[in-house]
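Asks: Spelled out from the first residue to the last, the chains are:
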Amino acid sequence: MSDANNVKSICMDANDIERAVTRMAHQILEANKGAEDIALVGIVTRGDLLAKMLACKIEEIEGVKVPLGKLDISFYRDDFATHFAPEVHSTDIPFSIDGKTVVLVDDVLYTGRTIRAALDALMDIGRPAAVELAVLVDRGHRELPIRADFVGKNVPSSSSENVRLFLEEVDGISAVEILDIEPGQRAGASPLGTKEGE
Amino acid sequence: MALMLKNAHLVDPQIGLDEVADILIRDGKIVEVGHNLTMEKGEERDLTGKIITPGLVDLHVHFRDPGQEQKEDIASGTRAAAHGGFTAVCTMPNTSPVVDDAVAVEYVKARAAAVGKCRVIVSGACSKDLKGEVLSDMGDMYLHGAPVFTDDGHGIQDAGMMRRVMDYAKQFDTVIMAHCQDDSLVGDGQVNEGVASTRLGMVGWPAEGEELEIARDIALCRLTGCPLHIQHITTKRGLDLVAAAKAEGLPVTCEVTPHHMFLTEDDITAEYQTALKVNPPLRTAEDAAALIEGLKNGVIDAIVTDHAPHTDWEKDREFELAPFGMTGLETSLSLVLTHLVRAGVIDYGRMVQAMAVAPREILRQEPVKLEAGSTADLTVIDPEAEWTVEVGDFYSKANNSGFIGAKLTGRATDTYVGGYATMQDGVVVDGGTI
Amino acid sequence: MAFDHKHLIDITEYSADDIMTILETAKTFKQVNERRIKKVPTLKGFTVVNMFNEPSTRTRSSFEIAEKRLSADSLNFGGSSTATVKGESLVDTVKTLCSYKIDCIVVRDRWAGVPRKIADVSGVSVIDAGDGKHQHPTQALLDLYSIWEEKGDLNGLHVGVVGDISHSRVCGSLIPALKIMGCEVTVIAPPTLLPARPDILGADHVTSNLDEALPELDVVYMLRIQRERFEGAPYPNLREYNLLYGLTQERDRLMKPDATICHPGPINRGVELDSFMADHPKRSIILDQVYAGVLVRMAALYLLLGGSNDGIDA
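Residue numbers (the working numbering), protein chains in the order written: chain V, 8 to 205; chain E, 46 to 479; chain G, 165 to 478.
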């Protein structure tokens, strides 16, 4: 969890996030020549919120409601055997992804393992025409050959740091923070609402 | 050869003895009891701090010999007895073959004479092959030295047959020892019916399955006049039946085991400890308290072990498939000392009464008293010895004690049978005959 | 969520939170079970042994489906060819299985207490799939799941359990589980089919009058009558059982309008349930229970084999 002590810097504030999302929405539309056949699928628990923001932005720009789903990758993680059974959130993709261009949305791209799991999960759900990846922050340190198609901001970081997104909707404040990883803590997103709980 | 036991605290309620004194033994008999005794030559042992009682007798053991010597045999069983401070035991007839004729009685006696470390009193079956149908050769067995009879294991189901047994037996100076179990009520019962059977999801063994037969056998005692001994009584209401029979003046006695006094159905947990699977089953805490009270007030005559050895592999399995019974010879005295004598529930005199005097009376044996002229069957007790029950310490072949891990205070250190040590300083004496 | 159980053997070792975690996890598996590829790779590389020392079709197939949908390798062991039949002891059989380097044993056995013994001997996760007349925790969990889905909340529900309580391992887990979740439980059975102390299981009320009890119940859980047993039968015949304890169409009017009917299956139609009630479109959730079996078994395997969550959801 983030507390004031180990926050090293705030690399994006609410305005930065808003601007990045707007730019990414434009890029997605441009790359796909419009909103037709696009579907947004956010990875829980922050990616799905970002996906929702992107969907709103796209609707603002293009006047089209793109299909929006959320994907839980718990059952596809590669560290189940070594770590723990993560709390499962529900996957909810209320449309067929067959033939669609699915834009996977996540908050922070780091090792790439989450995206690997998400790709496997998507393939078990249907057969998209293409999958693209949008992330708000790319912090480097990839362990798999995965790259993002749309990036809000590149944030160089050390592996002893955590880069975390907080969103007003669930955390009471919107920001991307760089924090020290405390002993025993793992890199990754913080549970929903941790900002409020401080 | 003479043996002098000096400075021990002698306890014998039969003659009102309760003081420190010396005992001089010669040719298997006590020749003198007194203070500052001397002798010309012989072995002298200083037993300061120890207690000497008339030798303990366990009137209910299973030595599995003949037939199931992998569980126990007469050599290992009598060694376990000596180790537990017992000078005599009464073996149950449910061996293979059953002790239901004189040949079988002679077999057990001969093995005991050859390899025994305590006196072995043989009980015969009441019915042929323990089937409850035809009378066993009771008279022939009696003439060959079986003083008492029992169908221990299941009991005699048919009341008419039990009456015939008791009618027939009363021509001898004997007692019919009754294992009280109504099979039609008990069925496949595994544990006490009630909390334990519900909690563990197994067929219950109702107290009434025992009490009904106690009531029946008391009625048959009244009808036939044959002395009756109720084996391993376990319930408060069963005890009330015996108390009423005694008050009526009927020749009824009864016995209790340490495990029914000191363990309850609550000790059988979700671990399903098969060591605690016994027949009759462990009952409620209320029953156990009533048994202790019954021992204290004399409704219960004797403490027995129902020593029932089984191999590890027989016990280490599904509860419902494991055999009934636990060992007891090597823990009985210490459990009684720890939980009853040290706890102030009974005194040494009452303990001696229940573990030495009454068992001899029930078995129609000569009394052993701490006085000149008596047979020198003696048990020496260290009342302060602290020890933990451990599997490796048993002389029995079997480890199926329900008290493994128990911390106890007091145990027998020396056992004398006919003046010969069968155990000395806690170690069973090898070689020699008793 | 702090789920730190290694075994699912005794439901009374589970708290209401533990049980809710299982139910909520089970719900997330619906999505997997309802798509074209009904499989996730979560337990890839795990070996689960289904050790069924007693015949069972439903429970075993439900576990097998759950294991396969989680990508575990499963081995069915037992049936008439059990090593035990050949004289091998349970302990030796389990040690032999463990030499294959397995991760979980799902056990069904005729004898009470066997799952605990296997857990002690094997050191791997053990799931009790029914032991003797003792417990059947996954059945209780799937029942809770079905009722929870149907009613929305378990707390405060009045559940009646009708039938052979004394020989039922289902009751051994279900009644305590209902109590853990805050239900009120009435046990309804002929006295010959009651355990010695229904209160020990958690029953709040015990009665032999179905008609008097029915109007109070939110859920009526009908147990299967073992029609095989006739010698020393605890009731005169099936007709009389049906007369006194069968949930018949005539009894529909005694039930609350929204009362739900459950049954662990397989049903004896015309004995404990008639077809009107078994197939009642509004009341019967019997087929939902079967589906729930796969969901809760997937959830149990997922949670037990995953070990404890350290609280970080990444």
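Because the hints were derived from the structure by calculation, they are not lab data.
Only a predicted model underlies this, so the values are computations on that prediction, with no experimental measurement involved.
Treat the hints with caution; some may be incorrect.
As the list claims (entries may be wrong) - Label-pair restraints from in silico Cβ distances:
| no. | chain 1 | residue 1 | chain 2 | residue 2 | range |
| --- | --- | --- | --- | --- | --- |
| 1 | E | 438 | G | 320 | 45 to 51 angstroms |
| 2 | G | 284 | V | 13 | 43 to 49 angstroms |
| 3 | V | 40 | G | 422 | 49 to 55 angstroms |
| 4 | E | 292 | G | 170 | 38 to 44 angstroms |
| 5 | V | 26 | G | 420 | 38 to 44 angstroms |
| 6 | G | 369 | V | 187 | 57 to 63 angstroms |
| 7 | V | 13 | E | 438 | 56 to 62 angstroms |
Stated by the list, open to error - Footprint (simulated), chain G over chain E, 3 or more residues, beta carbon under 8 angstroms:
| no. | region |
| --- | --- |
| 8 | 48 to 55 |
| 9 | 415 to 422 |
As the list claims (entries may be wrong) - Take a look, some chain E residues computed to stay more than 12 angstroms from chain G by CB distance:
| no. | residue |
| --- | --- |
| 10 | 62 |
| 11 | 282 |
| 12 | 316 |
| 13 | 384 |
Note that CB positions come from ideal geometry on N, CA and C, so glycine has one too.
Asks: Now look at each hint and say whether the structure bears it out.
Replies: Checked hints:
1. E/438 with G/320: 45 to 51 angstroms: 56 angstroms, violated
2. G/284 with V/13: 43 to 49 angstroms: Given range 43 to 49 angstroms: holds, Cβ gap about 44 angstroms.
3. V/40 with G/422: 49 to 55 angstroms: Since the Cβ atoms of residue 40 of chain V and residue 422 of chain G sit about 53 angstroms apart, the hinted range of 49 to 55 angstroms holds.
4. E/292 with G/170: 38 to 44 angstroms: 57 angstroms, violated
5. V/26 with G/420: 38 to 44 angstroms: 58 angstroms, violated
6. G/369 with V/187: 57 to 63 angstroms: Cβ of residue 369 of chain G to Cβ of residue 187 of chain V: about 59 angstroms, so the range 57 to 63 angstroms holds.
7. V/13 with E/438: 56 to 62 angstroms: 59 angstroms, holds
8. 48 to 55: violated (count 0)
9. 415 to 422: With 0 residues in contact (Cβ-Cβ under 8 angstroms with chain G), the coverage given for the region 415 to 422 of chain E is violated.
10. 62: Check passes; 49 angstroms lies beyond 12 angstroms.
11. 282: Holds, since 16 angstroms exceeds 12 angstroms.
12. 316: 6 angstroms, violated
13. 384: Holds, because the least Cβ-Cβ distance between residue 384 of chain E and chain G comes to about 28 angstroms, which exceeds 12 angstroms.
Going through the hint list in order, the structure does not satisfy hints 1, 4, 5, 8, 9, 12.
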